[in-house]
Every structure is written in C-alpha cells, then in structure tokens.
Amino acid sequence: MKITGGEAIMESLLKEGVNLIFGYPGGAIMPSYDALYKYKDRIRHILVRHEQGATHAAEGFARVTGRVGVCIATSGPGATNLVTGIADAMLDCVPLVCITGQVGAHLLGSDAFQEVDVIGITAPITKWNYQITRPDQIPDIFAKAFHIARTGRPGPVLIDITKNAQIETLDFVYPQSFDLPGYAPTYKPLQESIQHAAQLINQSVRPYILAGHGILISQAEKELLAMAEKAGIPVACTLHGLSSFPTDHALYVGFLGMHGNYGPNLLTNKADVIIALGMRFDDRVTGRLSDYAKQAKIIHIDIDPAEIHKNVHAHLGIAADVKVTLQMLLTLVTKKTHKSWVHQFRKCDAQEINKVIEKEIHPKVGKITMAETVQMLSDLTAGEAVVVADVGQHQMVAARYYKFKYSRSWISSGGAGTMGFGVPAAIGACLGAPGRIIVAIVGDGGFQMTIQELGTIAQENLPVKILLLNNNFLGMVRQWQQMFYEKRYSFVQLDNPDFIHVANGFRIPGKKITKREELKLGLKHLLKSQGPFLLEVVVGKEDNVFPMMPTGASVEEMRLE
Amino acid sequence: MKYTILAFSENNPGVLYRISDLFLKRNINIESLTVSETETLGISRFTIYVNVDERTINTLTKQLFRIIEVVDIYYFQDADILFKEIAFIKLKKVTSDKIQYLKTIVVNNNATIASEKTQIVIEKVGTEKEVDALVKDLRTFGIAEFIRSGRIAIKK
Ligand SMILES: Cc1ncc(C[n+]2csc(CCOP(=O)(O)OP(=O)(O)O)c2C)c(N)n1
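Chains as they are written, first to last, in this note's numbering: chain A, 6 to 566; chain B, 84 to 239.
Since the hints were made in silico from the structure, they are not lab data. It is possible that some hints are incorrect.
Which bits of chain A does chain B cover? Going by a derived footprint, with three or more residues having C-beta under 8 Å, they are [claimed, not checked]: (1) 178-189; (2) 298-312.
As a list, the in silico BS3-like pairs of lysine-lysine whose alpha-carbon atoms are at most 27 Å apart [what the hints assert, rightly or not]: (3) A/Lys193 <-> B/Lys85; (4) B/Lys186 <-> A/Lys315; (5) B/Lys85 <-> A/Lys149; (6) A/Lys299 <-> B/Lys212; (7) B/Lys219 <-> A/Lys315; (8) A/Lys315 <-> B/Lys167; (9) B/Lys145 <-> A/Lys302.
We treat Cβ as the ideally placed atom computed from N, Cα and C, and that holds for glycine.
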C-alpha cells in the first residue's frame with residue numbers, strides 16, 4: 006500500500022519505538038505535520054516555544070531514559086534554531102534524531118524561501134546527517150539514523166527532508182537490516198588487554214577510578230560498583246558521570262573538575278594506576294596537561310578509539326564498551342582494600358569541609374547561599390530527584406551538593422556549557438521519567454535564555470519544579486571577573502523582571518524566598534505542589550564557588566579559597 | 084612531519100565536507116587532496132597530503148575514521164608509498180632564440196611539451212620535488228599559468 010513520505014516518517018518513528026517528539030511546525034515540514042495529525046494518538050507531540058527548546062527537551066528525555074530523543078522543525082530558521090542544541094548533544098554524546106523540513110528538491114540551491122544549507126551547517130556538529138529528496142529513501146535512512154544515534158558513542162543525527170519527499174508516496178517497508186560498511190563500533194575488548202589491565206590493577210597500591218558519562222550510557226553502574234568494591238578502589242565522577250555511583254558509598258570520593266571536590270582533583274597526581282571509564286579527559290578535568298597524572302599508569306577505557314591518547318597518553322588504551330570491559334575485568338581482579346589510600350581522600354574532605362563546605366551549608370549570617378539551598382533540597386528529596394541544571398555557579402553548586410541516590414539523576418550541559426539548557430531539558434526529563442521528581446536548578450541569566458518554555462510546561466501541565474537561584478548577576482562570569490580581572494564587572498549585572506509575575510503570566514504558580522527562615526518551607530512548597538512551580542531563592546550576590554582550579558592550573562593547584 | 088592519508092569512503096555527497104571540516108577545525112592546511120574512484124563500485128578514495136606532528140596524525144585519522152561513511156583509513160610516510168602528481172605549466176611567449184634552451188630543460192626534467200598551439204604548455208608527471216625543480220627552471224621563461232593535481236599514492 007502506498008503512503009506519503011510524511012506518513013512514512015511517522016511509521017518509521019513508531020517502528021523505532023518513538024511515541025514522543027518535540028517540535029515546531031512551519032512551511033517546509035507541514036506535510037509531515039499533516040501526517041502527524043493522523044498519528045497523534047500514537048505519537049505525542051510537544052509544541053515547544055523555540056526550536057532550541059525542542060533539542061534540549063529531546064536531550065533531557067534521552068538522558069533520563071537512555072533512549073533516542075526526537076525533535077522536528079521546519080527549514081531555514083527552524084533548522085538553524087536547532088543548532089545550539091545539536092552542538093550540545095554532540096559534545097555530550099546524547100542520542101538525538103532531528104528531522105528538518107527542506108524546500109522542494111527542484112528548488113535546492115536556488116535560495117528559495119527558507120532554504121538554508123542545514124546539512125552543511127550541521128555536518129560538524131552531528132554524528133551523521135543526510136538529506137532525503139525521495140520518499141522511498143525514508144525507511145532506510147531512518148533505520149540508519151536511529152542505529153547511528155544510539156550505538157557506539159551516541160550522538161545527534163539530522164535528517165533533512167525536502168518537501169516533495171514528504172508529499173510523494175512510497176511502498177513502506179521498514180528494513181530489517183541495512184548496509185553501513187564504515188560503521189561498526191567495537192564493544193568487546195581484546196582478552197590480552199583485559200589481562201594487562203587486571204595485572205596493572207592487581208599490582209597497584211593507589212588505584213583510582215574516574216567514572217564518566219560512559220558508565221551511564223552503557224548502563225555499567227552495577228559493574229562499576231562491583232569493580233570498586235572488589236578491588237577496593239576509590240571512585241570519583243566527572244560532571245557527566247555524576248549519579249553513576251552512589252554518593253553515600255564509602256568508596257565514593259567526589260566530583261572531578263574545575264569546581265569539583267578537593268581530594269579527587271588533588272590526589273589524581275598521587276594515584277599509581279588510574280582507571281578512566283567512559284570519560285574523555287576534558288580540559289575541565291585535567292587542568293594543565295603537562296602536570297596531569299604524570300606518575301600514574303593510565304588505563305583508558307572508552308568506546309571511541311579517537312579518545313584514546315587524544316588528550317592524555319594512556320599506558321593501556323581499551324577502545325570498547327565499558328560495561329563489557331568491566332564484566333570481563335571483574336573476573337580477573339583480586340579482592341583488595343586500600344585503606345590508607347582512601348583515607349587520604351577523607352583527609353582532603355576534612356580540609357574542604359573546614360574551609361568551604363561548612364560555612365556554605367550552615368551559614369549563620371548573610372544572604373541565603375546556593376549551597377545551603379541545594380543541600381536542603383537534597384535532604385528533602387532524600388537524594389531521589391532528577392536534578393536538571395542550567396549553566397553557571399548554580400550548576401556547579403548543584404553538582405557539588407546534591408547527594409544523588411539513583412543513576413540518571415543528573416542532567417546538565419557539560420561539553421558545551423549551554424545556558425538555557427535547564428528548563429527545556431527538564432521538560433524532556435519530566436516526560437521521560439514521569440514517576441520521578443524533576444527539579445530544574447537555574448540561574449537568573451540562563452533562565453531568561455529559554456524562559457518562553459514556561460509556556461510549554463503550562464500547556465502540557467508538566468510537574469517541573471523550577472528552583473531559581475537568583476544572584477542578580479551572571480554569577481560565574483562575575484566570579485572570574487572578580488578573581489582574574491580585578492573586579493572589573495563588565496556587563497554581568499542583570500536588571501531582572503519580577504520572575505514570579507512572569508511565571509504567573511504563564512499560569513505557573515511561584516514563590517519568592519529572601520530569608521533563611523523561609524527557605525525550608527519554600528522548598529517543601531515547591532516539592533509538594535501538584536503541577537509546575539517556580540521557587541525563586543534570592544542568594545548572595547557576590548558569593549563564589551570554591552574549590553576552584555583556575556584555567557591553566559594543574560590539579561594540584563586547586564584553590565580552597 | 085609530512086604524511087599521506089588514504090581514506091576510503093562510501094560515495095556520499097557530504098563526505099568531502101566532513102573530511103575537510105576536520106582539518107578546518109584544527110586549523111590544519113591541507114597540502115593536497117585528490118578524490119578518485121576505486122576498484123570497488125561506490126567507494127571513493129581520498130588522498131590527503133598534510134604536514135602535522137605524529138600525535139595529531141594519530142588522533143586526526145581516528146577522527147576521520149569516525150565519519151560514518153569512511154570504511155578504511157591509513158597514513159604513511161613517503162618511504163612506504165609510491166606517489167606522484169601531474170602538473171601543467173603554461174609559459175608566456177617564448178622567443179625563438181630560447182626554444183632550444185627550453186627543450187633542454189624539458190628533457191633534463193623528464194617532462195614533455197604537451198602543446199604548442201598558442202602558448203607552450205609543459206606537462207610533468209613526478210613527485211612534488213621534481214615538479215618544483217622544473218617550475219624553478221622554467222621561471223626564466225615567464226610562467227603564465229600553473230596547475231598541479233596534488234599527489235596520488237599507493238602503498239608499496
Ligand atoms: C549561551 C551561553 N552564553 C554565555 C555563556 C557564558 N556563561 C557561562 S556561565 C554564565 C553566567 C550564568 O549566569 P546565571 O545564569 O545567572 O547563573 P549563575 O552563574 O549566576 O549561577 C555565562 C554568561 C554560556 N555558558 N552559554
């Protein structure tokens with residue numbers, strides 16, 4: 006039976022198990038939206054307020070579920086509005102399939118109305134992209150797109166479909182298999198590599214696990230836990246590795262990176278064997294490379310061969326799936342404990358608590374701090390919420406102080422650091438994990454970058470809890486200006502709107518907290534509310550996030566104040 | 084260090100773009116790039132000649148291999164490959180008293196005169212070094228136009 010290209014897109018989505026998409030219609034995608042109208046009982050479409058919101062929502066969905074997030078937009082400005090989110094997904098390895106309409110095939114290259122070379126624009130920021138100009142290409146390209154997006158090192162894929170290909174008809178047969186001769190991610194490591202790794206680990210005195218996003222992507226949380234416990238290895242998480250290891254575990258030592266915990270960064274240069282799991286030695290983690298872990302033998306396990314030796318030379322590089330690799334390794338590592346080594350981390354913790362944490366979470370005077378707010382949120386939710394953060398000081402504070410209990414509980418923009426990510430990503434997370442509490446922690450700057458998505462939240466009545474930590478500054482930039490530019494506060498002060506009024510305008514209730522005594526009640530209110538809610542907490546204007554590893558400094562030069 | 088990269092790829096329109104973008108992203112100048120068919124239908128062969136350090140070539144080729152359509156990738160130093168390019172050099176007006184001298188240069192450089200129709204065009208097949216040497220010798224005649232194909236290479 007013949008169906009239209011637009012219908013074939015919907016059928017393909019259903020074949021891939023997709024029943025939720027985020028999008029925004031327009032001229033060149035209208036035939037597909039017309040098809041969607043027929044499928045609306047089987048495919049839920051969330052009408053965002055800006056296409057960037059669609060990409061971040063799809064990212065939030067993908068990260069909370071581990072499934073592919075899908076968004077759809079029209080040609081030209083619709084497609085270019087997706088760009089920030091696609092780049093974000095590329096840097097953070099988030100599986101997305103983005104569908105864009107395109108002018109009719111006969112008009113390609115003629116500068117027709119709303120024609121933009123989206124294939125060219127997105128080539129550097131997609132794992133794969135493809136322009137469909139004939140309806141019969143749809144099934145095969147969709148099957149490939151989903152396969153590419155979710156396997157290996159996941160990433161965004163874009164399919165651009167000319168208008169005629171959505172209108173014309175085809176015999177729809179979804180392929181069982183397809184030909185991708187250049188794409189075959191390796192999942193299983195070589196046995197000799199595993200033996201070598203086990204030998205290094207078994208001989209080590211100060212082994213150290215750095216757990217990255219790869220643990221969550223390959224669902225290797227159990228294996229990580231088993232490995233750490235069997236071999237007695239302390240575990241630190243990268244920003245995206247957060248929540249892959251229980252924060253209350255005796256072997257958990259904290260969060261790595263520029264604003265991470267003190268011990269995990271500092272002691273990187275004391276470990277004798279570093280086991281890097283599904284992480285990519287980002288410059289925010291390594292600091293000055295020439296002084297990074299020079300004493301250690303590094304075992305780097307990552308699905309992407311291009312990451313091995315890219316930033317840090319690995320003593321042993323294993324380009325394979327981290328779950329499969331850990332399963333194989335587990336049988337070969339010997340049972341051990343490293344008490345005095347783990348104790349070194351605890352000594353650093355004590356310093357950090359003394360110099361930073363205590364006064365941040367239990368301040369006696371002054372304005373409310375971000376840290377006490379997050380700490381209280383963590384306590385009130387028993388660490389069970391999904392925290393979706395925007396970008397800035399509040400993000401680092403959230404990463405530092407929320408005590409994640411479950412896996413896939415931390416969603417944030419890391420590689421790109423995209424302000425405006427928080428609210429739309431929380432929409433996706435909320436739809437992906439309906440049983441869980443979703444808290445978006447945002448700053449007053451980033452909130453306003455995608456604030457229009459409050460409209461989406463209201464229209465869909467999504468119980469997204471927005472916690473706005475308002476310091477009336479672009480705080481993170483202000484902190485840098487204070488520390489490295491002699492307090493020249495160049496364009497970081499915001500003349501903000503009345504956020505509660507804005508939320509109310511979107512028919513979202515809200516409450517503003519300015520006093521410490523009101524904080525707990527305010528947070529309880531936020532968490533107890535039925536639908537969406539905005540809690541604005543006014544925090545200290547010029548508070549800084551510590552510890553800090555300034556750009557270009559080494560992990561040993563982490564500053565506590 | 085100079086390297087010759089051989090990349091084999093499915094013949095899709097976007098591949099050239101993705102390949103060149105990886106060099107652009109790192110601000111690496113490609114010395115030459117040629118694309119041609121191969122013995123396998125639907126597979127193209129990219130010969131890329133670049134000047135980068137060893138660490139870069141290592142990561143760069145792995146990143147090139149990450150391009151979905153790229154099915155195989157290798158890189159070599161000159162000792163391991165046969166390589167050549169073709170060049171045409173069109174000369175400005177050569178006066179008759181200099182023709183004999185020109186012919187000696189052409190013969191000495193193992194080149195040929197490909198056309199004498201309106202202007203003299205010299206054709207040379209050889210390594211980049213040989214082409215450079217010929218061009219240097221021909222400068223005295225005045226070069227009107229010069230084109231070289233960039234290298235093609237095959238493993239020994
Ligand atoms: C789209 C975008 N523009 C600019 C930046 C640079 N930047 C990083 S953090 C930051 C300040 C964020 O301010 P706010 O949202 O108020 O959060 P705070 O740091 O105060 O918690 C800025 C401007 C960015 N990361 N993303």
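Verification of the supplied hints:
{"no.": "1", "hint": "178-189", "result": "holds (count 4)"}
{"no.": "2", "hint": "298-312", "result": "holds (count 3)"}
{"no.": "3", "hint": "A/Lys193 <-> B/Lys85", "result": "34 Å, violated"}
{"no.": "4", "hint": "B/Lys186 <-> A/Lys315", "result": "52 Å, violated"}
{"no.": "5", "hint": "B/Lys85 <-> A/Lys149", "result": "36 Å, violated"}
{"no.": "6", "hint": "A/Lys299 <-> B/Lys212", "result": "42 Å, violated"}
{"no.": "7", "hint": "B/Lys219 <-> A/Lys315", "result": "41 Å, violated"}
{"no.": "8", "hint": "A/Lys315 <-> B/Lys167", "result": "32 Å, violated"}
{"no.": "9", "hint": "B/Lys145 <-> A/Lys302", "result": "23 Å, holds"}
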